[in-house]
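The listed protein sequences derive, respectively, from chains A and B.
When we follow my numbering, the leftmost residue of the first sequence carries the number 27, and every step to the right adds one.
When we follow my numbering, the leftmost residue of the second sequence carries the number 2, and every step to the right adds one.
Where hints are given, some of them may not hold.
Just a few of them, taken from the derived set where beta-carbon distance is under 10 angstroms, the chain B residues facing chain A [stated by the list, open to error]:
1. A99
2. G100
3. V195
4. A318
5. A321
6. M322
Partial selection, computed: residues in chain A whose CB lies under 7 angstroms from chain B [what the hints assert, rightly or not]:
7. A137
8. N233
9. R261
Hints listed in this document are in silico derivations from the structure and should not be mistaken for laboratory results.
Here the structure is a predicted model, which means the values were calculated and not measured.
The C-beta atom is built at its ideal place from N, Cα and C for all residues, glycine as well.
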Amino acid sequence: MQRHLISAADLTRDDAVLILDTAEEMARVADRPIKKLPTLRGRTIVNLFFEDSTRTRISFEAAEKRLSADVINFSAKGSSVSKGESLKDTAQTLEAMGVDAVVIRHGASGAPYRLATSGWIDAAVVNAGDGTHQHPTQALLDAFTMRRRLVGRDTGLGRDLSGRRITIVGDVLHSRVARSNVDLLHTLGAEVTLVAPPTLVPVGVGNWPCEVSYDLDSTLVKSDAVMMLRVQRERMNAAFFPTEREYSRRYGLDAERMAKMPGHAIVMHPGPMVRGMEITAEVADSDRCTVVEQVANGVSIRMAVLYLLLGGNEPALSHARQPVAHHPATERVAPPTGSEEK
Amino acid sequence: MSKTLIRGAKVLGGEPQDVLIDGGTIAAVGPGLGADGAEVVEAAGQVLLPGLVDLHTHLREPGREDSETVLTGTRAAASGGYTAVFAMANTFPVADTAGVVEQVYRLGREHGYCDVQPIGAVTVGLEGRKLAELGAMHESAAGVTVFSDDGKCVDDAVIMRRALEYVKAFGGVVAQHAQEPRLTEGAQMNEGVVSAELGLGGWPAVAEESIIARDVLLAEHVGSRVHICHLSTAGSVEIVRWAKSRGIDVTAEVTPHHLLLTDELVRSYNPVYKVNPPLRTERDVHALREALADGTIDIVATDHAPHPHEDKDCEWAAAAMGMVGLETALSVVQQTMVDTGLLDWAGVADRMSVRPAQIGRATGHGRPVSAGEPANLVLVDTAYRGRVDPAGFASRSRNTPYEGRELPGRVTHTWLRGKATLVDGKLT
């Protein structure tokens, strides 16, 4: 049976906690002199990137190498894709080379889902970000960071984020990070509030398991973590907001605003940051900002995901607890084929 | 020419009668007609309707013969019970000159499966800037009366006004593809709950409704008639209802797929559900059915849009928009309108034959099933239940959203001016 990680919404609470706990085990590897496990020796993973994303690609690559997998990097630029080869043909070409898993980044929402469900290939599919849809490993590494900071590295094991108040600020409309985080944080019991100008909130957000506010200041004071999303300057050309300056003033996080947050609260950012836009340099460089930690945690999370998808029958570490009996059941439930008589 | 006796058919779903075809004409209708040497078609239990008329078909020829040709498209039409189709203008080259429309018209006549009435482009190259030679297309052998830039909206209000006015001189009608272009930049599916979740660009209902509102007011102002293509939202229904109550000469069509399918299906990211206008919500589907039943929406039109396999076997954003529909339209209408009690078979004949023929001025089609009328007829086994198998389609393309779905009804016979184009479900 095939197993994939396509959407954060596919994870149950137990799946998610298992991934976070496994990532803690993986993080210990990073503290060793030799940061390498033999777990995926002989397995081949391709990083299939149709969109530029150096940091995500490097993070997956580091995770794969630490698990001893054979890694193939495929960048669409300068490849046959730019000559008109289809996603299907590219995927089948890679599969013919004996790939066990495909980590895919694609500009089109749903491309990883298509890859996993169209019968084109048999390999496991891990979504590394698709269009404005999902970025599940980002949500997992964010949740991992929050659990460490807000619950505790050791006390957090086996636990979720019940009752934690998380605020996500910025371009929700175009953000796969926001969508994935809302889904996962809700599953983990957190209370999520989205803050953005109304133009950057999607129509239909009312069905999401979160609150929406247009006012940052009133939300900050009751937040345990504030996640700032990147806002592309080009958005103002499409009239999403009038000017960069006005955006920063109303929705940017500066030191003055950060001071209103509870003392324990952290500032997060998925990167890359646009300093001076959604976040000031002072905030970005402060102790409360977890940006660098998130990057480190990303490797642990991706190791955990790949390990559980591909090699989960053996213990990850020789000293670790017994093999996990339960794998994250990340296969998507088949969508309804008919909706007219519901 | 030969004679055919259709025995015991429920004419428009009524009491069983015999219908005698002599040459291209219906010679007699009544109970217990003698065979008198005619070929007999036993039709007990089946429903006889006037041949269906589709005001919105894409035949793709000239230019995209890899997806459909006039021949394969008209064979698909005959399979679906159609005796006349209106071929949309977005071909390559665009049907914006007398030469192109005459070619398409002649191909339809030569093949003989179904009358093909070309639709002329409103503007040169469908670019929305300069009126095409509408009069020349009307005066050509094709006798064009319906004009549309379908696929694109005539969004410039002045061009739309002029087109509405200009075609009055020869009784033409402009069929508007209502889509405000700025509101639908990057649009991939209906904007709402599902698009928010899937991260696909939204196609908001207001982009359709605002154009319809503008165009009915323009039609009122200049005293023209206007036709709305593939109306898809509950709000559009309200605007058309209001316009009709005001006496504005507006007609509207709905596609079979908008009567049955919703945007929930897009969760599969399967591009077979990608269509323009997009699949909407349950609420819209019900509003469209009610509007078709009460006559606010005048007709069913297929928007039959064939695409080659590779244009759908890809990621959603890269896929072409559109679905084939000629061979499943009547079944979908039976399921959504007849089996639900919203419309009887006489109503189906009105919405799928009589009214579309009137709107498009297709003489000889959409006529009563009575003596002296042209023998354009379709016989339907309404008790049939079966799963849709695209492998059996006459169309060159297979991009149906109904593959594997059980639908009621099956067209068994189609006659075009007395000549059988479909016999026992097989093309002649």
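Notebook entry, point to check: Can you give the numbers of the hints that this structure goes against, from lowest to highest?
Noted result: Those not satisfied are hints 1, 2, 5, 6 and 9.
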